[in-house]
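Spelled out from the first residue to the last, the chains are:
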Amino acid sequence: AQTVTQSQPEMSVQEAETVTLSCTYDTSESDYYLFWYKQPPSRQMILVIRQEAYKQQNATENRFSVNFQKAAKSFSLKISDSQLGDAAMYFCAFLSTGNQFYFGTGTSLTVIP
Amino acid sequence: DVKVTQSSRYLVKRTGEKVFLECVQDMDHENMFWYRQDPGLGLRLIYFSYDVKMKEKGDIPEGYSVSREKKERFSLILESASTNQTSMYLCASSFLPAYEQYFGPGTRLTVT
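Top line first, the protein sequences correspond to chains A and B. Be aware that the first sequence starts at 1, since it is given in the numbering used here, and climbs by one per residue. Be aware that the second sequence starts at 114, since it is given in the numbering used here, and climbs by one per residue.
Each hint can be trusted.
Quick list of in silico lysine-lysine cross-link-like pairs, BS3-like style, CA-CA up to 30 Å: (1) K170/B / K73/A; (2) K170/B / K70/A; (3) K116/B / K183/B; (4) K183/B / K166/B; (5) K131/B / K184/B; (6) K170/B / K131/B; (7) K55/A / K170/B; (8) K116/B / K78/A; (9) K166/B / K131/B; (10) K184/B / K170/B; (11) K166/B / K116/B; (12) K116/B / K170/B.
Because the hints were derived from the structure by calculation, they are not lab data. Owing to the predicted nature of the structure, the values given are computational and were not obtained by experimental measurement.
Generate the whole structure from the sequences, applying the supplied hints.
If you want it as structure tokens, here you go:
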């Protein structure tokens with residue numbers, strides 16, 4: 001079975017600063033997808049960013065970017081120019097070729113004004 | 114906007130009761146998912162469905178069953194609720210598994 005590990009249960013960042021959330025995963029597959037989802041307090045989970053394993057180029061979405069290191073099985077999320085609205089629980093997720101989703105345990109991000 | 118709705122935000126049931134959690138999506142998505150979310154454990158996939166009447170077990174299907182009679186509706190059934198099924202249950206849908214999942218607001222189920 002695949003595993004997804006988020007080793008930082010909690011992180012904090014000053015407003016306007018940059019923060020990186022880490023994620024590692026374990027798989028023997030070569031084709032898969034990776035995701036970062038955000039769950040704001042008492043609000044619905046939404047997709048932040050998505051990466052196809054066959055693409056070497058790191059995905060970016062405005063202030064959000066990933067550092068995808070396939071050989072190291074690492075998929076970190078960088079949030080630049082942090083805003084108060086970025087405060088949320090962030091989940092890393094892995095999609096296997098069997099269409100099974102595996103989520104990490106989450107990182108709670110606090111943004112300090 | 115895609116909308117995924119869940120029948121209840123909060124539910125309290127007694128041990129041994131049969132519990133139905135309903136999920137409806139309005140975007141004609143093929144794929145629907147049921148997860149449970151527990152502190153320190155993240156989200157764990159219970160079941161998913163890639164078409165009407167089709168289902169696949171996820172990571173933790175024991176104690177649960179599902180039903181998908183119509184494309185827009187995916188039900189999670191707890192045949193005999195137990196206290197260890199107290200949790201937040203999240204439903205999601207997507208056009209394809211590799212595409213963005215749209216989540217519902219969740220149902221917080223307490224089994225006493």
